[in-house]
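If you're matching them up, the sequences are chains V and A in order.
Heads up: the first sequence at position 326 corresponds to 326 in the numbering used here, and the numbers run straight through without jumps.
To convert, count from 1 in the second sequence and add 1000; that's the numbering used here.
Just so you know, these hints were derived from the structure itself, not from any lab.
Fair warning: there could be bad hints in the mix.
Here are the simulated lysine to aspartate or glutamate pairs, EDC-like style, with alpha carbons at most 16 Å apart [said to hold, decoys possible]:
#, chain 1, residue 1, chain 2, residue 2
1, V, Lys119, V, Asp24
2, V, Lys389, V, Asp267
3, A, Lys1233, A, Glu1027
4, V, Lys389, V, Glu271
5, A, Lys1194, V, Asp196
6, A, Lys1194, V, Asp200
Derived list of chain A stretches under chain V, where covered just means 3 residues or more per stretch with a C-beta under 8 Å from a C-beta of chain V [claimed, not checked]:
#, stretch
7, 1185 to 1192
8, 1227 to 1237
On a predicted model such as this, the values are computed, not experimentally measured, just so you know.
Each residue gets a CB set at the ideal place from its N, CA and C atoms; glycine is no exception.
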Amino acid sequence: MAAIFELGEAASLMSREVAGDFPDARGRFGPYGGRYVPETLVPAHERLEAGVKRWLRDPQFVAELDDQLATWAGRPTALTYAPSLSSRWGAEIYLKREDLAHTGAHKINNAIGQALLAKRLGAKRIVAETGAGQHGVATAAACARLGLPCTVYMGAIDCERQAPNVGRMKLLGATVVPVTNGDQTLRSAIDEAMRDWVSDPTDTYYLLGSAVGPHPYPYLVRELQSVIGRESKTQMMRQTGGLPNAVFACVGGGSNSIGMFYPFVPDRAVELIGLEAGGRGAALGDNSATLTLGRPGVLQGSYSMLLQDADGQIQETHSVSAGLDYPGVGPEHSLLMSIGRVRYESATDDEALEALSECGRQEGILSAIETAHAFVGARRYAATHPGSKILVCLSGRGDKDMPTLQKTLLKGQL
Amino acid sequence: MTSSVANHLTSHESIGAAIHAAKARGEPAIVAFMTAGFPSPAHFQEDLRQVAAAADVVEIGVPFTDPMADGMTIQRASHVALTQGVSLSWILSQLTSMTPRPKAPLLLMSYLNPLLAFGLDRLPKAAREAGVSGFIVPDLPFEESTEMRAALTAEGVGLVQMVSPVTPTERLRTLCAAGQGFIYAVTMTGTTGKNVAVPDEVIEYLDRVSASATVPVCAGFGIRDRQQVLRLKEHVSGVVVGSALVEVLERRDDPAAFIRSLRGQ
Ligand SMILES: Cc1ncc(COP(=O)(O)O)c(C=O)c1O
Chain V
1 MAAIFELGEA
11 ASLMSREVAG
21 DFPDARGRFG
31 PYGGRYVPET
41 LVPAHERLEA
51 GVKRWLRDPQ
61 FVAELDDQLA
71 TWAGRPTALT
81 YAPSLSSRWG
91 AEIYLKREDL
101 AHTGAHKINN
111 AIGQALLAKR
121 LGAKRIVAET
131 GAGQHGVATA
141 AACARLGLPC
151 TVYMGAIDCE
161 RQAPNVGRMK
171 LLGATVVPVT
181 NGDQTLRSAI
191 DEAMRDWVSD
201 PTDTYYLLGS
211 AVGPHPYPYL
221 VRELQSVIGR
231 ESKTQMMRQT
241 GGLPNAVFAC
251 VGGGSNSIGM
261 FYPFVPDRAV
271 ELIGLEAGGR
281 GAALGDNSAT
291 LTLGRPGVLQ
301 GSYSMLLQDA
311 DGQIQETHSV
321 SAGLDYPGVG
331 PEHSLLMSIG
341 RVRYESATDD
351 EALEALSECG
361 RQEGILSAIE
371 TAHAFVGARR
381 YAATHPGSKI
391 LVCLSGRGDK
401 DMPTLQKTLL
411 KGQL
Chain A
1001 MTSSVANHLT
1011 SHESIGAAIH
1021 AAKARGEPAI
1031 VAFMTAGFPS
1041 PAHFQEDLRQ
1051 VAAAADVVEI
1061 GVPFTDPMAD
1071 GMTIQRASHV
1081 ALTQGVSLSW
1091 ILSQLTSMTP
1101 RPKAPLLLMS
1111 YLNPLLAFGL
1121 DRLPKAAREA
1131 GVSGFIVPDL
1141 PFEESTEMRA
1151 ALTAEGVGLV
1161 QMVSPVTPTE
1171 RLRTLCAAGQ
1181 GFIYAVTMTG
1191 TTGKNVAVPD
1201 EVIEYLDRVS
1211 ASATVPVCAG
1221 FGIRDRQQVL
1231 RLKEHVSGVV
1241 VGSALVEVLE
1251 RRDDPAAFIR
1261 SLRGQ
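Please build the complete structure, drawing on both the sequences and the hints.
Spelled out as structure tokens, the structure:
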């Protein structure tokens, strides 16, 4: 199960990915993915897989989801031309405004879709994990909308740095459980949500927030988030008369990025670039740059790239942004990297904070710190590709980041 | 069981033989779980010697950073062991250097990633040389286990199959047919460590598992006292005792006395 393939094999995996063959019947994206779960959760995953097959393309389900997205979640979101960044960076910059979606990030696309599915599957309660709190807020909102009780697990460190979102979840009727074991961030929150689910695998639905985890989650989340890329393509054609030269998105678990990239995968002339959290630097433990610095392994149900030590123990990670602070990544990204269809780079904490500040002052948009990593990639690309047309996935808004921003960009100012 | 009998068996068959031998004495076999190197790596060999002298089979836990099927006790034990430098390589070298070797068959209980990092090419031989008869891998379901099973079996090392109260009947047959050593019947949905009362439907489920299995069935998750052992006695060949024993070791109480108490001695 090598990470880098022979040229011929990479070419054949590329044509299968372009043809939409992945995940295959075993839940694999080439060698990546699969379903590594305790026996108690196997029947629940089989039911979920059957439910996904039954409902995701069902005309009535699709109509109901589209209606929720349009009338409740505020889709389609705008595509915004950024004149000031364009002139400063020497390229044409377009922003796909997921910050304008209900609850303030792309997470709502997945949350409302899965909550509708959970209803169809007869779930009596929902559990979810959250890092930045955006998925937790989106899930709490979707559950309130559909009348489902909701419990959200959140690492104690994240509860502190994303405090505004803890309050929002509570106001939306969710129970928030701070997780004080493990690394106290997103990874421990997923472990704890899985432990909850394993205690009640029949009536509880686990509403996973990124394109990670056991099959069928990476597929399900990609399908629900692909609305970002589909809308973007249509809007780029309509507003600019053609596709962009390059598309940028930040990569935590990889849901906003796979949603943006997937519809562009067949458009081979369009460069796709994912930005991971470079944190404080390249040393083990100082970043969350899983694809750039990791090795393949199994964590939380899936075979994918992973930040781990020589003994296969999962590394503590660091990022100024809670949503990117995760040692794993969705299996489809591991495939897209190894076949060379998407390039992955990293941006440091400082670079991301500076880019957040620049976008705020220049365009009047305060983005999430996660998103700001994507700006760093776009600015770098513009420097070497002057005049090019660049699309950036503005995955969410920065209100949740005020506790961190007070301690960094605003330090000593208030 | 004498060692001359064990010599005629492949390594994983010795597990079933030890369980049958206990059952023949009129008591369910005690499969004792301990986290390697907890509470102290310096005491590992001595703790193991005491546990192995009293139990019929010993399951040694390889610590992992993300033990998602485990409750608080084993999570904590895992974490402490890791901070004290315990790894799979360390465990194998400790087992290899033990003299005399424990008589009870040994199993390693490990999440998949430490095994992958060690290398599926090296693992089976290293395990056999360390006297390990089988593996329990809680995040490796049957569908993903082909490669691991083939690699281990080539060295006579077994892969224990877990089954759960929510496993459908058809699937239960497949899993029971694939199991080596023993079938690990999880007594409840949930993580390790909680005390369970063993309701009637769990007994019915254990009877169903026993009817399908060709190797002995052991019940585990939440077993803490003689009362539960008596309740399970007629329905399984053995019981797995994990968190309760880890707590005994943590308090530095006598593990052999605790294991004897489960047998009513
Ligand atoms: C605004 C925003 N962007 C990006 C992410 C990263 O997640 P993903 O990689 O799944 O899109 C998060 C996660 O919480 C987020 O809140």
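Hints that the structure is at odds with (numbers, increasing): When the structure is compared with the hints, numbers 1, 8 turn out to be violated.
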